[in-house]
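**Student:** Here the structure of chain A is known, so what remains is to put chain B in place on it, guided by the hints.
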Amino acid sequence: MQLKMNPLLVIFISSLFYLFQFQVVNARSLTGSNTLVLYDDRLIDLDDYSKFFESLKDRSFQLQFQDLSSKQSQLDSNWIEKYNNLIIFPIKGKHINRQLSVDSLLNFYENKIGNILTMTTPDGVPDSVRLFLNQLGIYPSPKGQALTDYFQASSSSSSSSNLVIPSSNLALTNNYIYQDYNEQFQFGSRVSVAILDNRDLIIPVLRSTRTSFDKGPMKTSWSNGSQNYLIVSFQNLQNNRLSWIGSIEFLNDSNFDMESNESLIKELTKWTFNEKSIVKIASLGHAHSNGISYDDLKYKVNDEIIFNLTLTEWDDHQQKWTPFLADDIQLELKQVDPYYRLNLKKDEMVVFNDNVSGQLYSTGPFKLPTRHGVFTFSVEYERSGLSFFKVEDVKSIRHLANDEYPRSWEITNAWVYLTSIYSVIGAWIIFIITFLTTSSSSPSSSSVASASAPTVVTTTTTTKVEKKVTKKLTSGSKVTETK
Amino acid sequence: MGSKNTTEMKEKKESNKAATSTASATSAKTQYIAKDFQEAYTTSMKSYWDQIASNNKLKLIDLFCAFLVVVGIIQFAFVCLIRDNYPFNAFLAGFIICVGQFVLLISLRLQLLNPFEGIPKNRAFGEFVLASLILHFICIHFIN
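Each protein sequence line maps, in turn, to chains A and B. Sequential numbering of the first sequence, starting at 1, is according to full-length UniProt numbering. Sequential numbering of the second sequence, starting at 1, is according to full-length UniProt numbering.
Hints may contain errors.
[Unchecked claim] One side of the interface only, derived from the structure: several residues of chain B facing chain A at Cβ under 10 Å:
{"id": "1", "residue": "37"}
{"id": "2", "residue": "67"}
{"id": "3", "residue": "93"}
{"id": "4", "residue": "139"}
[What the hints assert, rightly or not] Derived list of chain B stretches under chain A, where covered just means 3 residues or more per stretch with a C-beta under 8 Å from a C-beta of chain A:
{"id": "5", "segment": "25–34"}
{"id": "6", "segment": "96–103"}
{"id": "7", "segment": "128–138"}
Quick caveat, the hints were computed from the structure, so don't treat them as lab data. Computed from a predicted structure; not experimentally measured. The C-beta atom is built at its ideal place from N, Cα and C for all residues, glycine as well.
Just chain A, same shape as in the assembly (with noise of 0.2 Å):
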């Protein structure tokens, strides 16, 4: 324990701590609380959303309601710096459509910190709302289509048509957005729907009925069955929230008593407004397993390294940074492919002070690539309905000097070659030592030679003659024989 918790610590001190922004007591929303409320006086009327109007300033948004129903209400040029938030209700006209237009609406949600609550009905689907929905991929209904279900307006007497949709249509795959799932929510009368791109960025909330179509002035219905869609949401690649409703009864004072109705709706807008489901890094760092940094010590090829990283989820329930559990994070070490994909385990919590606690997670020790040159070690987290968040951190990782590779007696291997070699050198001595001292001729052959023809020896001692004169003599033997 001892040994392990001392790397860590190191790790601790040289990582880069990323800054919160802790103005946690006076707004619950994480990105800013001040909201623009766009509505239409021929539409609605403010009095019948008091409740819904009344949980938002609960949780300390800040309402500026805007009447855009006729032309001379002008929208405040610079609405865009200005608000964080956006709750667009239906409004009638073509006037809006310059006010409030698709550019300035996409910018808002692109590039600032913009998140948008939207409504359209069969009365009010603003041209300029709905090409912006286009373009994320949701389609909600034309003008004067409303979703009629012949089934349920026989099963339910009591409302002449009021459309009631269980919570087991929820489209949800996860717990991020709403958990509750034992309800039917109550949706009026006047409601349109959408239909969906196939984007993964899209987050289906509630889908319509089996049963259900488009009925409007269209002579063939619009589109109809489950594949209609009434709550979508949509969070885009720099965390702004989108979330689309099909119906503005749906969040009336008379429906907002239902407590499915409640619950959805404070979810949802807690969801769209960044109050919840909200990760952040706290903290990352990596180092030599034996805990000396890497502004000490560069990495080389093969070094062993650990890989840490600290995160926190914000839990709205009790307003502050809590450990974010997961067990499918992954580190990558890239240079233009990953060499690894690491899974981050879980190793221990992190308190960084009463508000912020987090859960550090660490690869462990891993031996870098036997591969040299600008590494990224990036950790990339994306699932649907949770905050998106990715770091990366380039290094680069050296190879080995030349006095570092293992000399060749290290290597077991290299000893046959070793001994080989020394072998050679060691037969080579001997061989100049023999050389040198043996004479050219051997003693036997020149004893023949001198016996059988001691005339031509005398004059010539040089092998070259000798040999001539052997093979002379043994072919004539030859010849004799033959004969």
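**Tutor:** Here is chain B on its own, set in the frame of chain A:
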């Protein structure tokens, strides 16, 4: 030469006899080739043994050459056996010293048998020693 003539005559006679059946002709031909090869082999071996019998230095050189071949084969067999050439520089150094030494020995042997013009045998031997020392130096450094 005389013996060769006689054998050729014999072969011709045999081939004439065998001309009646093709099967026996082909067998006779292969027999002829084998015999010819056998003869060439024995004569060359004989001349080789005669060559070294008279000269101890040549014997010594050939012995050393044989040793180098054996060492080289052992190293190559080792690489094949473990199916890994990991310290490849070490293998190269070990193999190259065998090949290089072999080449140097053969050139020394050539010069001992028929010296080049203007280069006495002692100088040839001196050059051999110098070249060998350089080879050893390089190989030891290459294996690191």
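**Student:** Now, for every hint given, state plainly whether the structure supports it.
**Tutor:** Comparing the hints with the structure gives:
1. 37: violated (20 Å)
2. 67: This hint holds: residue 67/B lies near chain A, its Cβ roughly 6 Å from the closest one there, short of 10 Å.
3. 93: holds (6 Å)
4. 139: With a closest approach of 6 Å, the residue 139/B hint holds.
5. 25–34: It is violated: at least three residues are needed, and the segment 25–34 of chain B offers just 0 whose Cβ sits closer than 8 Å to chain A.
6. 96–103: holds (count 3)
7. 128–138: holds (count 3)
When the structure is compared with the earlier hints, violations turn up for hints 1 and 5 and for no others.
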